[in-house]
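**Student:** Sequence:
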Amino acid sequence: MIMCGSIGGMLRTLPRAAAAVLATCLLALFCALLGGCADSSASPAAAHSTGHSSGHSSGSSATASAPAWADGHRTVRAADLPAQARDTLALIDRGGPYPYRRDGIVFGNLEKELPSHPRGYYHEYTVPTPGSRDRGARRIVTGRNDELFYTDDHYQSFEAVLR
306 MIMCGSIGGM LRTLPRAAAA VLATCLLALF CALLGGCADS SASPAAAHST GHSSGHSSGS
366 SATASAPAWA DGHRTVRAAD LPAQARDTLA LIDRGGPYPY RRDGIVFGNL EKELPSHPRG
426 YYHEYTVPTP GSRDRGARRI VTGRNDELFY TDDHYQSFEA VLR
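The numbering used here applies: residue 306 is where the sequence shown begins, and numbers increase by one.
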């Protein structure tokens with residue numbers, strides 16, 4: 306068994322072809338971890354991550370074009386939201402009428418997942434969930450300065466909605 310004190314030492318003990326493969330794999334892993342090798346605007350899938358994020362946990366980052374109010378949250382284009390969320394956005398834009406009596410109420414941000422603002426800054430709106438007997442877990446939260454956030458897990462995580 307060969308013992309190495311460093312990656313460089315290991316590379317010196319391997320044949321050149323194997324070392325090249327290992328170096329390529331390490332570089333690919335490094336790029337994947339940093340997210341620096343892919344253009345996030347290259348595909349819709351890159352713009353909308355499938356994972357959940359509180360906006361501040363590992364693996365979450367805002368895109369380079371994200372506005373300051375996104376505050377590190379993952380972003381999603383409004384066009385990439387579920388159809389029901391797009392319908393709710395249209396209702397918000399029109400000022401209603403809303404299908405649920407609690408739509409438009411003050412969102413307290415008790416989970417502290419969104420940027421901190423005085424009470425009354427945020428308001429929440431229901432995004433209907435097909436097959437759900439109640440309001441479901443999906444919401445759009447609006448901020449006083451036209452910020453939009455979407456959650457599909459009842460406030461556990463949010464994505465900043467970009468228009």
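No lab work stands behind these hints: they were computed from the structure.
Fair warning: there could be bad hints in the mix.
Unchecked claim - Below, computed lysine to any residue pairings styled on SDA-like, alpha-carbon distance capped at 25 Å:
1) K417 / R382
2) K417 / D457
3) K417 / D458
4) K417 / R407
5) K417 / H459
6) K417 / P402
7) K417 / R399
8) K417 / G448
9) K417 / G436
**Student:** A separate judgement is required for each hint: does it hold in the structure or not?
**Tutor:** So, going through the hints one by one against the coordinates:
no., hint, verdict
1, K417 / R382, "23 Å, holds"
2, K417 / D457, "16 Å, holds"
3, K417 / D458, "15 Å, holds"
4, K417 / R407, "21 Å, holds"
5, K417 / H459, "13 Å, holds"
6, K417 / P402, "29 Å, violated"
7, K417 / R399, "28 Å, violated"
8, K417 / G448, "14 Å, holds"
9, K417 / G436, "29 Å, violated"
Against the hints set out earlier in the document, violations occur for numbers 6, 7, 9.
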